[in-house]
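Protein sequence lines, in the order shown, are assigned to chains A and B.
To convert, note that position 544 of the first sequence is 544 in UniProt numbering; the numbers rise steadily by one, no gaps.
To convert, note that position 48 of the second sequence is 48 in UniProt numbering; the numbers rise steadily by one, no gaps.
Simulated from the structure, these hints should not be mistaken for laboratory data.
Every value quoted in this text rests on a predicted model; they were computed, and no experiment measured them.
Hints may be right or wrong, so weigh each one.
Lysine-lysine pairs mimicking DSSO-like chemistry, simulated, CA-CA at most 30 Å apart [claimed, not checked]: (1) A:Lys290 <-> A:Lys60; (2) B:Lys50 <-> A:Lys532; (3) B:Lys50 <-> A:Lys493; (4) B:Lys60 <-> A:Lys532; (5) A:Lys533 <-> B:Lys182; (6) B:Lys60 <-> B:Lys470; (7) A:Lys50 <-> A:Lys283; (8) A:Lys493 <-> B:Lys493; (9) B:Lys532 <-> A:Lys50; (10) B:Lys451 <-> B:Lys470; (11) A:Lys532 <-> B:Lys493; (12) B:Lys533 <-> A:Lys493.
There are 2 protein chains.
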Amino acid sequence: MVNETQHTCSASSSSKSDGGSSSGSESSKDSSRCSTPVLDADRHERLREKMRRRQDSGDKWFSLEFFPPRTANAAVNLISRFDRMGAGGPLFIDVTWHPAGDPGSDKETSSMIIANTAVNYCGLETILHMTCCNQSKDDITGHLQKAKRLGLKNIMALRGDPAGEEWEEEVDGFNYAVDLVKHIRNEFDDYFDICVAGYPKGHPEAESYEADLRHLKEKVFAGADFIITQLFFRSKTFLKFMKDCQAIGITCPIIPGIFPIQGYHSLRQLVKLSKLEVPQEIKDVIEPIKDNDAAIRNYGVELAVSMCRELLDSGMVHGLHFYTLNREVATTEVLKRLGIWKEDPRRPLPWAVSAHPKRRVEDVRPIFWASRPKSYIYRTQEWDDFPNGRWGNSSSPAFGELKDYYLFYLKSKSPREELLKMWGEELTGEESVFEVFTCYITGEPNKNGHKVTCMPWNDDPLATETNLLKEQLEKVNRRGILTINSQPNINGKPSTDPIVGWGPSGGYVFQKAYLEFFTSSEIVTALLKVLKKYELRVNYHIVNVKGQNITNAPDLQPNAVTWGIFPGREIIQPTVVDPVSFLSWKDEAFALWIEQWAKLYEEESPSRMIIQYIHDNYYLVNLVDNDFPLENCLWQVVDDTFELLN
Amino acid sequence: MVNETQHTCSASSSSKSDGGSSSGSESSKDSSRCSTPVLDADRHERLREKMRRRQDSGDKWFSLEFFPPRTANAAVNLISRFDRMGAGGPLFIDVTWHPAGDPGSDKETSSMIIANTAVNYCGLETILHMTCCNQSKDDITGHLQKAKRLGLKNIMALRGDPAGEEWEEEVDGFNYAVDLVKHIRNEFDDYFDICVAGYPKGHPEAESYEADLRHLKEKVFAGADFIITQLFFRSKTFLKFMKDCQAIGITCPIIPGIFPIQGYHSLRQLVKLSKLEVPQEIKDVIEPIKDNDAAIRNYGVELAVSMCRELLDSGMVHGLHFYTLNREVATTEVLKRLGIWKEDPRRPLPWAVSAHPKRRVEDVRPIFWASRPKSYIYRTQEWDDFPNGRWGNSSSPAFGELKDYYLFYLKSKSPREELLKMWGEELTGEESVFEVFTCYITGEPNKNGHKVTCMPWNDDPLATETNLLKEQLEKVNRRGILTINSQPNINGKPSTDPIVGWGPSGGYVFQKAYLEFFTSSEIVTALLKVLKKYELRVNYHIVNVKGQNITNAPDLQPNAVTWGIFPGREIIQPTVVDPVSFLSWKDEAFALWIEQWAKLYEEESPSRMIIQYIHDNYYLVNLVDNDFPLENCLWQVVDDTFELLN
């Protein structure tokens, strides 16, 4: 993905006279250098530029359309889907807009907030749909301002369905999508990338196919940057449409909208809404198997794959837009079979970068939120400026308060019943808590036969990297060192390493060993004695829920624990152990015991009291082994501690 | 030197209840964390704090007094002396003030400018003397404001000698040093550390010894931070004085002024000025050998060493102040014999840190000025803010113009005749220039038997580190790759390494191999062809005097070429190859051919035309091998280039 722009001027034979680009010392005064190391040009481009770059490089892409969910639970699921489907590398996603559903509100389920979540928390380039019909100029401007404020950069400008049959054009009102395009360009200049809809068969309400093409041209000439089409059933429909567009002077990208048939009813409903006609050959296949969902889906995938292949093979199509209907299986299958689903593209940084324009320069975070990146983004959303290069530049980061709850903030993705099966219907003592931690690490089922696939501090299974430490982690968790975060030491692995690599190729990545855990005050007492022996080598922070804090960190300085060295660039240090933000993390880490775990049980129940006891009495500890070229000494520290206790 | 403040609270047994220092999450909002990594507490302390810390740690120290020079040449010599004697680790130096010599002016030889040079260019903690007698309040305030503006933080407040015999106290005037102390505290609050003079035998004009002690107490109570004494000849004189001071309530540090006798005449003159009496036992030794300078100096050293030992052994003395009379040998000898001369104290950064308060946070510089740090400081003196952690944060550094000349700016320390001997009375062609470069590298005498100990780009002999590359450098210089800067690659050596180490102990330092040279356009043409093979591995900048610039640096990004990883800290990257400032360096590097070398010869002379030809036609090239863990490939690049040419 990384595309290094090379300012090379070949001067092989002409270098004597005028072989290089002339640039006098004046250039030192007005250089256009970025203020942050550019690890990934992608992060700084707007959508239309990304699209153009992909077209130029011949690198095929895809995008995904979703509609806003109806309930908060569905929203949690949709966000997980964003993460999973985001892993395949879509160029963007888009979120539809339904005027009846209060789409611009602050509700967790509104189009606005879902798009905000996709951009800011999932790091996805996102287009927010917006309709204009039957809405006042002020309302529309308000929505656009809000979108801008939230970091959204792309709008799909639509007319929307007129309310009722007796709809008439309003003078000076928003009657057509073109009015919205003009309004956006008038009020927001070039801030937004604007997408408009194209109808390969002509809009059902248009006087004619030709008249509809002229409308489309108007929208483009009013300022739209690209076109996404309505779904269609035959590739030749799209290719003819595209040629017709080009013939009347539409030169912007036109992206075919692909609808993999996923079920009989959804197809019927979509066809009804879009007023399209399903070709007879498709009907002939579907009708006989209409009650067999799997069969229909398989057929839909086949059909989509072959149509997409035709489109891509035409040489006229560079990207494909998928109407997912918020479902994963069919679209993912089509993309994988087309070979454009790119699992695990090179990571620009060891953590997922947010797509908010303000946060694109962000390149350092405390390690504590490694498994809870959305919580970190949420708690720092009010920051004006993101630690740009070095953590220390941000003088006094104030974290959002714990009282601000949010979809993914202190809530697990899993329902209560499932959590109880994993974490125990009934706890009998601290040991049964140790057992839960141990099962999470090992992946073995607990004594009731249930696998522990998430923990309050980690909503996902163990990271691949953590697997490197599995054996040691199992041992210490069994004995009450309840680990919630760790990383091995790395002494200069290639940046392309499949497990620990990140950043552009040709670089080297490094890590200091890190271990973070909850443990009892008895163990802390022994640990502190042992740590004296490691005073110069190991940095520690030990804190309880009341904030009693024991550390040997010099001068509240952050300790860089992940860094990378790349050709032609400054050092990047994306992860630090920061003493100041550790105290904000501590509040969250302790609260998760109660909010996610204790509250599963009745008040006053023994199980709840066990968790409450741990919350009240345990310490949160983190350890860094500074001597990254040597063998990780943190396991020795823990062994020494247990030995001292015996 | 590095002193890590540890915020450790021992919680060995009491950790359960209240073992740690309580610090709630509020502390995240008002932390007192520095905005830059503290590698060396010393850099952020004021003089009186340093003094106290040394006293507490029992670490004995010394300081050095100099007077301003009379001529610009003497100033150049004095600055070299500051560098050489600064290497021994004085806690501070001080510069005397002679009202007759226009001490507050902008002349290269004024007290003000010499003190400025010591602080800003030599990185020495400096006290500027200032007298007040016969001066207006406005003059004095003006001097103090100027001192503050230049980054001076310490003033020695003196009365100075009254002009003429008929001096009388002025009402409301500055009659005594105490008036100046009060004035400084009134006008500048606590900005300056103030030193005052103490007279172990009483001031010659005081009514009595006791009266003089009372005057001293007044000065201290008016706001002086410490006392430096007039010279004396017997340790018991000082120790009695110190006890007497303490008896009347003077508790601040009192530093004995040591005067190593260096010659008969200087002793006589000083004695006359200070109205002191030389003890008979000293006279008895000196008179018979008064014409033997070496014998007197040896005796003076003996005497000073034994008196200093008595002072230090008394347990009452922590630091010694030396009246150097701007000479080096005797004082250095005394300090070495006392064991408090600390050659090569641990370097906080790979380059010498400036002592200006504004620059103390500076922790990254372009590599180009590695051998010309004073020039770099001079050309960046107008910057408001120093690249703080990462070079990229400083958006568009504008360098000072080349037209601004200065003592050490484009001028060599060596006189013309010496330079001609080293660089050739008469050049016969480009080859004779290659020969000069080669002799500088090898340390062998040139064909006329003279060693080449400096070059226009490097006023000192080869750095120890460069010696690691000596053999390779010799080979390439012989063939017209005229090297002016280089460093080997280093893959994680201990920060305590005597050659390449820097920063606090327990860390690891790294370097990318770097090579910078002038060479002909023929070689550049071949080099560029060879570099294509190394495209991903080697970054290059190739520029001629006209500014024609050929580079493969991505997006004008700086390339970190020296960095260090330390326990409990962020990554430090003190040296970068910065494409933007390279163009400013280029102007300076090319100008040095003309200013230092060509101008040694007559206009129109063949020798001058050879240098002028090189200046006009050669390219300045720098190469970085990004693959620091592998063997340096830059020699292979050069070999390949020569092979291509053959």
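Outcome of the hint check:
1. A:Lys290 <-> A:Lys60: violated (33 Å)
2. B:Lys50 <-> A:Lys532: Holds - the C-alpha atoms of Lys532 of chain A and Lys50 of chain B are around 28 Å apart, at most 30 Å.
3. B:Lys50 <-> A:Lys493: Violated, at about 42 Å.
4. B:Lys60 <-> A:Lys532: holds (29 Å)
5. A:Lys533 <-> B:Lys182: violated (51 Å)
6. B:Lys60 <-> B:Lys470: violated (38 Å)
7. A:Lys50 <-> A:Lys283: This hinted pair is violated, its Cα atoms lying about 38 Å apart.
8. A:Lys493 <-> B:Lys493: holds (17 Å)
9. B:Lys532 <-> A:Lys50: The hint holds at about 28 Å.
10. B:Lys451 <-> B:Lys470: holds (16 Å)
11. A:Lys532 <-> B:Lys493: holds (25 Å)
12. B:Lys533 <-> A:Lys493: Answer holds: Lys533 of chain B to Lys493 of chain A is near 24 Å, not above 30 Å.
Checked against the numbered hints listed earlier, the structure breaks hints 1, 3, 5, 6, 7; every other hint is satisfied.
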